[in-house]
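Student: Protein sequences appear in the order of chains A and B. Just so we're aligned: 70 in the working numbering is position 70 of the first sequence, and the numbers increase by one with no gaps anywhere. Just so we're aligned: 71 in the working numbering is position 71 of the second sequence, and the numbers increase by one with no gaps anywhere.
I should point out that these hints are in silico values taken from the structure, not numbers from a laboratory. Here a beta-carbon is modelled for each residue, glycine too, at the ideal position from N, C-alpha and C. It is possible that some hints are incorrect.
[What the hints assert, rightly or not] Reference excerpt, derived from the structure (chain A facing chain B, CB under 10 Å, subset only):
| no. | residue |
| --- | --- |
| 1 | Asn2 |
| 2 | Arg15 |
| 3 | Arg17 |
| 4 | Leu312 |
| 5 | Ala314 |
| 6 | Leu315 |
| 7 | Arg318 |
| 8 | Ala321 |
| 9 | Pro404 |
| 10 | Ile408 |
[Stated by the list, open to error] Partial pick of chain B residues on the chain A-facing surface, computed with a CB cut under 10 Å:
| no. | residue |
| --- | --- |
| 11 | Thr99 |
| 12 | Leu101 |
| 13 | Gly105 |
| 14 | Phe106 |
| 15 | Leu114 |
| 16 | Pro115 |
| 17 | Ala129 |
| 18 | Gly143 |
Residue-level listing of the chains:
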Amino acid sequence: MNLVLHIALTHVRFRARQSLVAVAGVATGVGFSIMMAALMEGSQNDFTRQLIDAVPHITVSDDRREAPVQPAETAFDAAEIHGLTPEVRRKGIKNPLAIMASLEGWVPGAVAPSVKVQALIRYAGRDIGASVQGIDPHREPKVSAVAKQMRQGSVLSLYRATNAIILGERLAERIGARLGANLTVQTTEGARINAQVVGLFRSGVRAVDEGTAYVLVRTGQILARQTGLVNELRVRVSDPLAASGVARRIERETGYKSVAWQEAHEDLLSAFIVRNIIMYTVVGAILLVASFGTYNIISTITHEKTRDIAILKALGLREAAVRRIFVLEALAIGLIGALAGWLLGYLLTRALGSLEFKISGITDMTRLPLAYSFLHYTIAAAIALASSLFAGYFPAAKASRAYPVDIIRGAT
Amino acid sequence: MTHGPAAAAAVPGKAAGGEPLVVARGVTRILPGVVPTVLVRNIDLTVGRKELVAITGPSGSGKSSLLYLLGLLDLPTEGEVRIHGRATAHMSEAERALTRLSTLGFVFQFHFLLPEFSVLENVMLPMRALTVLAEEEMRARAGALLASLGLAEHASKRPDQLSGGQRQRVAVARALANDPPLILADEPTGSLDSASSEQVFSILRDLVDKSGKTVIAVTHDLGLAARADRRISLVDGAIVSDDWIAEGRRAH
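Assemble the whole structure, with the sequences as input and the hints as a guide.
Tutor: Encoded structure:
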């Protein structure tokens, strides 16, 4: 075996207790930072998942991003328009079936039509405003999580009764309606129908649960008083992170406003950046503290070995070789510590994942959301190795420069 | 500089025949500081093959400093040291290290064995550093060296399991690991009882007589110094006498 490696490993092995303390220091740093990263990213992923699940990845609506171009503007190079009241246009997406067929041709995912109207739900003398969405029970589960969010009944229950309606659980609570209740839905268009509650859903997002109801597309069109109306297309793409690009292409091709979930929740996503900074600061601080421990132990070992260094140099070992011995020792401690830290981190994460919490209002037991990412392990190990290298190099460089004569004189 | 009986010889170091092993010319070492300290001054010295040279002198006379300069552990402020005819003044750190490893063997007052390694491993260290021999050859050679010094049964022990005399003999074995022509010993018997001192000095004597090595030993013990071939005395960093004790040997 190479002499340098031989001496380094013998030092580490011989000073088992000190080496173990150093390894434990590194392992603790790596382990806890992995656990923290798993927890932080897990909770972020869970939040994102809930967010993505709660809404379609892309919503194509008949809204406009800019004011419509007036005929005068197209006819003349320069036209100034004052006090304009644009003509009333027919609501909805024109020719929705053709657009859907075209989207289904290239969008990696599913498309579903919906009709969105604002309505007043009246039951037992209480009136509550809600967004009533006409959906296609067969297509809707492919684009949103509503099927999974059903607490009572199912999406297909919408076919069970004439004018069937599914209410958000909190909305139902607010008006005191139960399954089977007959309530009145009235819109600003003047439409008014009697509907029967056939299901309740809970998305977990309070605003949705308090203010949303689902009906069939046909019922929605009756409420909007417009036959054949589809004013929203919901798209779910197979890769949620690619939603922005798909949304831009849909908007380019159809001309309708197409909003990806990222755009709809821009504020939350920017909050994630802040969260990530906090996470990496915390993780970095843990590793930094651990690296101080490593530095302390390696420099103590090096200091204690000053006499041996002098002898090795007197025998004929070069400065670089002496330096390598201690750097290798530090790296060996760093490497073993990082591997032990991986195991510790994994076990800690598993232990956290096995904890169950009961949160009031939710009947199911909840577990902590955790993310197992190879990146966390790589970063933690890389920082541990780098700090070990740093901790080993400087005392080693100092030791290797030591003048053997001074040390031999001092020792005799 | 005073030369005793040897003064007649033009170059005492050449008495043993062949090219001198160590030559010091006008070597001075001054420790810098607010008040610079002169460790050795204007040393002219030639040591040939198969000589046992004892360097004596009172404490602080520069004996060890001279030995470190001859052993390339320290650099002279003035003058030059030649080993095997090679000038060392302009050698790089790596060249000096290689010269120490292949040409010189050190024995110090304290054994300075590495405590984590077995006796055998300690003896093998310089061989491993030189990387000339294969592992098995190194083991065999280290084992043979230990056996020749009566330490065969202690090969697998750690240094702290040995007596002082035994440790110092291991240190001698380590100095001989790469079969260097020159052994430099700094008070090799300084920390030993008289019986162990006698044993270690006998080994050094045998190295010259039987193995043809050159040994330069710093010692306080005038009794032991009397058994050397040549005695160099230092006072205040300068050589005050350089005497051939064994006149017949010089003539030889």
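Student: Identify whether the interface hint at isoleucine 408 of chain A stands, where standing means a beta carbon of chain B within less than 10 Å of its own.
Tutor: Holds, about 6 Å.
Student: Holds or violated: asparagine 2 of chain A as interface residue toward chain B, Cβ cutoff 10 Å?
Tutor: At about 8 Å, which falls below the 10 Å cut-off, the nearest Cβ of chain B leaves the hint on asparagine 2 of chain A intact, so it holds.
Student: Quick check on the hint: proline 115 of chain B CB to chain A CB, less than 10 Å?
Tutor: holds, 8 Å
Student: Mind checking the CB of arginine 318 of chain A against every CB in chain B and telling me if the closest is under 10 Å?
Tutor: holds, 5 Å
Student: Was the hint right that alanine 321 of chain A lines chain B, CB cutoff 10 Å?
Tutor: holds, 8 Å
Student: Is the interface hint satisfied for glycine 143 of chain B? The criterion is a beta-carbon contact with chain A at less than 10 Å.
Tutor: violated, 18 Å
Student: May I ask you to test the interface hint for alanine 129 of chain B with respect to chain A, counting a Cβ-Cβ separation under 10 Å as satisfied?
Tutor: holds, 5 Å
Student: Against chain B, is arginine 17 of chain A within 10 Å by beta-carbon distance?
Tutor: violated, 13 Å
Student: Given a cut of 10 Å on the nearest C-beta pair, is the interface hint for leucine 114 of chain B held or broken against chain A?
Tutor: holds, 6 Å
Student: Holds or violated: is the Cβ of arginine 15 of chain A closer than 10 Å to a Cβ in chain B?
Tutor: With Cβ-Cβ at 8 Å, under 10 Å, it holds.
Student: Does the closest beta carbon of chain A sit nearer than 10 Å to the beta carbon of leucine 101 of chain B?
Tutor: Holds. Min distance 3 Å.
Student: For the restraint on leucine 312 of chain A, tell me whether the closest CB of chain B is nearer than 10 Å.
Tutor: Hint on leucine 312 of chain A: holds, closest Cβ of chain B at ~8 Å, below 10 Å.
Hint compliance for this structure: hints 3, 18 are not met, and every other hint is.
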